Amino acid sequence: MSTRASTLTGRIMSAPSIIVLFLWMAVPLGMTIYFSFLRYNLLSPGMEEWIGTLNYEFFLTDPAFFASLANTLLLVGSVLVITVVGGILLGLMLDQPIFGRGILRLLVIAPFFIMPTVNALVWKNLLMDPVSGMFAWIASLLGLPAIDWFTNAPLTSIIIMVSWQWLPFAVLILLTALQSLDRDQKEAAQMDGAGPVAIFFYITLPHLSRAITVVILIETIFLLTVFAEIFVTTGGGPGLATTNIAFLVYTQALLQFDVGGASAGGIVAVILANIVAIFLIRLIGKNLDK
Amino acid sequence: MEHKQSPLGYISFSVFAWIVGLLIFFPIFWMVLTSFKSELEAVSIPPSFISFDWTLENYAEVQERSNYFKFALNSIILSVGSTLVGLVFAVTCAWAMAFNPTKRTKDALLWMLSTKMMPPVGVLVPIYLVFRDWGLLDTRFGLIMVLFLINLPIMVWMLYTYFKEIPTDILEAARMDGATLPKEIIFVLLPMAVPGIASTMLLNIILAWNEAFWTLNLTTSDAAPLTAFIASYSSPEGLFWAKLSAASTLAVAPILVIGWFSQKQLVRGLTFGAVK
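Protein sequences, first through last, are from chains A and B.
Those letters in the first sequence? Residues 1 to 290, per full-length UniProt numbering, in order.
Those letters in the second sequence? Residues 1 to 276, per full-length UniProt numbering, in order.
Calculated directly from the structure, the hints in this document are not laboratory data.
Model, not experiment: these values are computed from the prediction.
Keep in mind that a hint or two might mislead.
Unchecked claim - Using 20 Å as the maximum straight-line C-alpha spacing, the simulated EDC-like pairs for lysine to aspartate or glutamate come out as follows: (1) B:Lys70 - B:Glu165; (2) A:Lys286 - B:Asp107; (3) B:Lys264 - A:Asp95.
Modelling step: build the complete structure from the supplied sequences, incorporating the hints.
Listed below in structure tokens is the structure:
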């Protein structure tokens, strides 16, 4: 249906968005790449000089890099496991007939709408505080010593907060996928004597596999750059215990003013994210052809 | 699994499900409850659930001590502003891609998506320096631009999937009747697209309202929205939990309401149409 004239209008109309996005992404990214090869510190302006790959050598051999890479992977991996497993279980649960299911579903997905800074401070103070927090009180009821979460298990605390925030996302998507499952197929399997466990592993789980992949990929993209939760609770500490790559780059850029080093770190983060992004974009691209 | 369910099974499963649901919701419930307590009661052990003196003074004090409404106003201006700017760009772009596709439309869409995959720290340094040099740090204009740009791919994608569902026969019929392009858009396409556009706006407002990387890094006070305001409670003086709770409750309430209304569209928007 597209004549030459309408193709032209189409190009003209989609051009502004494409151009602004290109300027927003390509230009700063190019600048980051350029900076990453410079000795460039905001505290000594005018002293910029080309130093080749020295920033990368420093960044990649810095013990802080390994610590933050390990933290990043641990954070992403743990939150993925918790939210996907929890999301499947909660999705299955909410797919059953329940009294007041609509309202219950609202309660379960609510954490996703809480802004990250609120999430972090409510968990840190009202729930996890070792003296007056809810968890300390529950522990005392059970006769257990209170845990000083952010001192003794800082990364675990961050993982719990972030999981709470992203669990509803997994539930929403997996529930949507569950609801499109063909009931007849399930009933036919039941007729044939398949138990709930067999139905889950041979019918439900394969049906969910696409949605699970989408959840994993999209969450990974966002979780690689968790920032606000760390910024307002631990500031990356104690030591480097909760510093992830995103936070490390932030500290180098805006606290140590080391533009060159931070840029090299930023590029490393981009490469990590791209490894995931390639799979996600392929998956979504395939979907587009249908 | 629920095939033949007895009333007893229904009731006990409902009770179980509600316990799980309430546990997940508990932090939000507790935050709202604490916002009505005095500071002393907020830290009391054992915690008081119902039997405390309900008070609204935290809400008044949050406004008095820190000019809460300035931050709330910034949140509104940033989220609504970036959404409106985004809408102008995204509607035209998605319209063109859905109704006048070229061979490269699919590539363009996927490329847009890929910009969303870039971690913000990858461009933090240059954006910060450009903002500093152009005097855009801590300005509403600068942040509206950033929020508009980071969410533009999602807006285009969402609108694209909605526009694709509009039957093209109707548009062709309008063209046959001599409708010009602007008329075609305004009188034929837009009325059918309103639900899709509305939910795209809602999702975008949610995302912009809660965005906490750029708002924390590019603002200090003048343009700071609620995300940054709440973050200022991370270095508190004295007892502050009740006030923190009151400020937090106000900050999340509007988005919670919008989010509950648009939960279905959220799936479509956040998965780029891969799960509907």
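So, going through the hints one by one against the coordinates:
For the suggested pair lysine 70 (chain B) and glutamate 165 (chain B), the alpha carbons sit about 41 Å apart, so the restraint of at most 20 Å is broken. The suggested pairing of lysine 286 (chain A) with aspartate 107 (chain B) holds, with an alpha-carbon distance near 12 Å, which does not exceed 20 Å. Our distance criterion of 20 Å between C-alpha atoms is met by lysine 264 (chain B) and aspartate 95 (chain A), whose separation comes to about 15 Å.
Going through the hint list in order, the structure does not satisfy hint 1, though it satisfies all others.
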